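Chemist: Here is what each chain is made of, one letter per residue.
Number of protein chains: 2
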Amino acid sequence: MSNRTLYLSNIPVEEALQRFQAALRPHIQAKAEQIEVIHALDRVTGEAVYARCNSPMYNSAAMDGIAVISTRTRGAGESTPLTLGTGDYTAVDTGDPIRPPYDAVIMAEDLQEAADNGVIIRAAAAPWQHVRPVGEDIVQGEMILPSGHTIRPMDIGVLLSGGITELSVRTRPKVAIIPTGTEMVEPGADMPDGGIIESNSRMIEALVRHGGGEPTRFAPVPDEYERIKSTLQECARQFNMVLIIAGTSAGREDYTVHALRDLGEVAVHGVAMKPGKPTILAVVDGKPVIGVPGYPVSAYLAYETFAMPVLRSLSGFAAEDTPLVQATLARKLVSSLKHREYVRVKVGKVGERLIASPLARGAGAAMSLVRADGFCVIDRNSEGMNAGSTVDVLLSRDSHSLEHTVVSIGSHDLILDLLADLMPPGASLSSTHVGSMGGLLALKNGEAHIAPFHLLDEETGTYNIPILKNLFAGRKMALIKGVGRVQGIMVRPGNPLGIKGIADLTRCNYINRQRGAGTRLLLDYKLKKRGIAPSEITGYEREAATHMAVAAAVRDGGADAGLGIRAAAMAMGLDVIPVGEEDYDFAIPAEFLELAHVQAFVETLKSAAFQEKLEKLGGYTTEQCGEVMLIDC
Amino acid sequence: MSNRTLYLSNIPVEEALQRFQAALRPHIQAKAEQIEVIHALDRVTGEAVYARCNSPMYNSAAMDGIAVISTRTRGAGESTPLTLGTGDYTAVDTGDPIRPPYDAVIMAEDLQEAADNGVIIRAAAAPWQHVRPVGEDIVQGEMILPSGHTIRPMDIGVLLSGGITELSVRTRPKVAIIPTGTEMVEPGADMPDGGIIESNSRMIEALVRHGGGEPTRFAPVPDEYERIKSTLQECARQFNMVLIIAGTSAGREDYTVHALRDLGEVAVHGVAMKPGKPTILAVVDGKPVIGVPGYPVSAYLAYETFAMPVLRSLSGFAAEDTPLVQATLARKLVSSLKHREYVRVKVGKVGERLIASPLARGAGAAMSLVRADGFCVIDRNSEGMNAGSTVDVLLSRDSHSLEHTVVSIGSHDLILDLLADLMPPGASLSSTHVGSMGGLLALKNGEAHIAPFHLLDEETGTYNIPILKNLFAGRKMALIKGVGRVQGIMVRPGNPLGIKGIADLTRCNYINRQRGAGTRLLLDYKLKKRGIAPSEITGYEREAATHMAVAAAVRDGGADAGLGIRAAAMAMGLDVIPVGEEDYDFAIPAEFLELAHVQAFVETLKSAAFQEKLEKLGGYTTEQCGEVMLIDC
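For the record, the sequence lines run as chains G and D. The numbering of the first sequence is my numbering, which starts it at 1 and goes up by one. The numbering of the second sequence is my numbering, which starts it at 1001 and goes up by one.
Please note that the accuracy of each hint is not assured.
[Stated by the list, open to error] Over 10 Å on every C-beta distance to chain D, these chain G residues come out as not near it, computed from the model:
1) R74
2) A114
3) R252
4) D285
5) N445
6) R475
7) L527
8) G626
[Claimed, not checked] So the derived label-pair ranges between C-beta atoms look like this:
9) D/T1621 / G/I120: 53 to 63 Å
10) G/K332 / D/K1338: 58 to 68 Å
11) G/G531 / D/I1069: 24 to 34 Å
12) G/K332 / D/S1607: 50 to 60 Å
13) D/K1528 / G/I120: 37 to 47 Å
14) G/I120 / D/K1338: 38 to 48 Å
15) G/S79 / D/A1533: 23 to 33 Å
16) D/G1188 / G/R19: 25 to 35 Å
17) G/T390 / D/L1324: 20 to 30 Å
18) G/L593 / D/S1382: 29 to 39 Å
19) D/D1379 / G/A219: 53 to 63 Å
20) D/K1528 / G/I69: 24 to 34 Å
Hints were generated in silico from the structure; no laboratory data involved. Fair warning: this is a prediction, and the values are worked out from it, not measured in the lab. Where is the CB? At the ideal position from N, CA and C, for every residue including glycine.
Please model the entire structure based on the sequences and the hints provided.
Modeler: Right under this line is the structure:
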């Protein structure tokens, strides 16, 4: 089995789902099971539930007081008080039964004590006054819940009051999750050379759980045709749905599609979506089997696009409408006409607008799934969307929390994560890293509340304020002071190439930062001063997006040197040759200083907890941290 | 301990919560515990989590193909193909490590086979082309999640990829739930005379679970001072929070507040809210103890208002903002200046407006909690709100599903529940029962899509159409035909009082329907024809809201007779003396017929499944069911 299917098809998403559902239709049927009401929270009723008894079960007192016979209280009034003897009434508390001959209740507050345990009343009781009639709340035989209803806390209370202790709920579909790949290693196990931690199956296990399924996760199956085939065969027999991860494309060791063709019907292999193209939709033994691609973002999208709707049908639900919000796109997005693209975005509310800022687009960038607030979908047959256009965003976080989030776009520093962690409950900080210049432009366009930046003014030799005045001429701005930090050349421990300064970068493998990053501009400034052309530096064109990414490349030997902050070098155990100290501050339009979440951000900068964490990290000076300077630009 | 505290205080809601939180502040601290990442779904991080390794762990192939040394591919081009020998490359699959001397990958698609296992290339490889650099996704030492973050499926995947297998999460607060009351009986147990099914504790158990707490529910404790006190003392020692249900007022057997005064500090006894006034907020052993009133709606509101925010503090969260929607109030609401009132409402989207229709207001009406879509809050110091005014509604259901809901306001019939149950997935039917006349007026005011009604035109002796033409003169309306149904006098089996017709109602205990109900208008019409005055009928003023409620009262002996539909009598095992047959139809403005959920409703009326259920129920004729008649009024 080493014959290769070189090409995947490129079927549009809707058509792929329709083909799959058509192939499944004859087989899908929601099942039900009987469970106890007290364990039914969040389960879905399999059939309508009718009350077995009345509530209240009998006419009962609605107040504390006495039960009376209404006809015997006639004539009582303010000026004509009436005394009831012990035979005329009985004391009752709220909820006590009112049985014949009694037909009314008089409240304790309206009673006056008389001799021989009698009571004096000063008003006649109307028949049925302060009596809760039988069945007032729930009438025996009435429908309490329709079928297909997700059971809430109050439903449990009413079911029990209506005499129901067990009910029929829809069975949770049993879903097998099979990771594959010879190189896959269980999390926490020893890592052999070339091994990869198997984590996708655990993400999908959690998605299935959220979707109301009952997941069973298998240990990784190596890339061997027979083992993959027998596992699929066995699972299709025992489970309601099978998700097999990785090996779904058309490579040398991608056996899944061949195994599925042997076992059943492959409805689709290859979908016009990105990420997620190498998805397989098949039916084996009447069960849906989905081949989920191995890149984490592809796996997530293949699950949400195909597995989730099928899981809902298996549970007897209609397809879920995905809640969309409208946002303004912060940067231009180019896309191919050939597929639908899902772009991860950060979403923030700045002024009255929701702003969507695109994140990394690679299928392997799982961390961007964590950082993202949602997906922006670019349709097939669209070449992309311009900055400033309105886009639909599929939110992956609570839309409400967006109101309390400080949106930061700009230069990267390790302190942003620390600050995000230390924000007080109810406020949060969301950071996108596009470099100093990119951040200031975003701020100018109203796409962020704050822009962290560190830009040297070549004329004055000072940081930040001159650039800010120049860029925001005529606007009321402020600078929230951040930290002073040392920039230097990061090298492997012991500095094996003996690099002493900028001039030595011409004789090593360099790794640069992306365009617009303050650290790159610093390099350019230093090179210019020394008359060195960028082309003299091997690796000048190789870009990394953060200080930590540069440090990781140096440590691993992929590069010999890279410019970055000392804190990042220290965190990675690298040596650093200082080339200057700079101010890393936050630009902010003055009007945003009023916002409660921005104030929380300033307080966090000033907090003792933050200072403590900075000291631990090292490489920073913090004298002015959190000071606010108003600047008339 | 039988001394009575006759009066509760009446402290405003915000003040009560502030007092309680002030008393708790010195004691509250969120705790954390270490758990496995694979079990961490929906848990909340106790501290920030940093990556322990890079992902990818090494430079790796981003494509299937061959790894090459980029410098050795220089010069290759379309017209200058280059042959690489087996020593110049190595075959790689996506994800395989790229180790020195290799520094680039050429895709399989760009290769051509040559002799001796060599390959021909037609383009030079740029350094690092198709290579995923180490740490591209996750850099060792970077923050993956901040503290206080609720863990989602994608977070689990990234944590594992970042080398994390265990993490610190906030401990779930342990909450004791203690129902009290000597009359309380466990659900499903034999019911002694005067017993009440204990269900509140199970509703609250579910609320605690939804709120992220770990509930422990106790069996009901009888109303005995010493047992209540010792249970409270023990629970305050062992749990993080205690909720004790019922016995919280100032009645003869309400011991809770006395026990709490003996054990600790009672911060509040009596809150200016309705329902929910007899709430106790206390601190024992540094633990919050809440005395939750025994009426189900009061219990729910006391939980949401006081227990939920405290549970959130214990879990280390900020108080949750409650999501509100704006809706138009369908009926006037009168309220007292003395307290904040929570009125249950049905909410529906009719045209562009959300409409809130008030439901039953009693504290005991648990069923209305199930039927409600949310709460409308009337502030203290407000006398109420007029029909048509805009009100804030706290939704208790998914706001999205409101878009697909047919809003029905009008006359009650058992078929409404059947129809609600049979609506196809993705559409639903929401019914409010206000009688025929009330429904038509609601329809006229744009508060409903359809109005079920049965109104006899006294002049023509025909049902529904004349009234509709009269009421909606000039509008394009339609009638969706419903069912024919027999109205009759419901009596206990065997007809012990020998009632033969309307005239005999003067010699029995009658139970009537509410004003505006078609069934009441039918009685009035029949009485008038026979020259009988309403005052001649005992119980004419006693009102029930549904046919089933009338039937329950008759069966229980609370009344001897009541007018209602034969189906209700049959469901309750009563005899019925027919007085007429009538048409129960649905009025609808013609423009609503287009709506997909209204079409689903019509289809449901016509469905075989519905016909089948009607036959089982009995008492209906269904020849025209689901037919649509357009009516120019």
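Chemist: Does each hint hold? Answer for all of them.
Modeler: Outcome of the hint check:
1. R74: Its Cβ never comes within 10 Å of chain D, the nearest being 14 Å, so this holds.
2. A114: 19 Å, holds
3. R252: 6 Å, violated
4. D285: Check passes; 25 Å lies beyond 10 Å.
5. N445: Given a closest Cβ separation of 27 Å, the condition holds.
6. R475: Since the minimum Cβ distance to chain D is about 32 Å, G/R475 lies beyond 10 Å and the statement holds.
7. L527: Label holds. Min Cβ-Cβ 20 Å, cutoff 10 Å.
8. G626: Holds, because the least Cβ-Cβ distance between G/G626 and chain D comes to about 19 Å, which exceeds 10 Å.
9. D/T1621 / G/I120: 53 to 63 Å: Once the Cβ atoms are compared, 58 Å apart, the range 53 to 63 Å for G/I120 and D/T1621 holds.
10. G/K332 / D/K1338: 58 to 68 Å: Because 60 Å falls inside the window, the suggested range holds.
11. G/G531 / D/I1069: 24 to 34 Å: For D/I1069 against G/G531, whose Cβ atoms are near 32 Å apart, the range 24 to 34 Å holds.
12. G/K332 / D/S1607: 50 to 60 Å: Between G/K332 and D/S1607, where Cβ atoms are some 51 Å apart, the hint holds.
13. D/K1528 / G/I120: 37 to 47 Å: 43 Å, holds
14. G/I120 / D/K1338: 38 to 48 Å: Roughly 28 Å apart at Cβ, these two residues miss the hinted range, so it is violated.
15. G/S79 / D/A1533: 23 to 33 Å: Hint holds: Cβ distance 31 Å, inside 23 to 33 Å.
16. D/G1188 / G/R19: 25 to 35 Å: 49 Å, violated
17. G/T390 / D/L1324: 20 to 30 Å: With a Cβ separation near 25 Å, G/T390 and D/L1324 satisfy 20 to 30 Å, so the hint holds.
18. G/L593 / D/S1382: 29 to 39 Å: Because 36 Å falls inside the window, the suggested range holds.
19. D/D1379 / G/A219: 53 to 63 Å: 59 Å, holds
20. D/K1528 / G/I69: 24 to 34 Å: 33 Å, holds
In terms of the numbered hints stated before, the structure departs from hints 3, 14 and 16, listed from lowest to highest.
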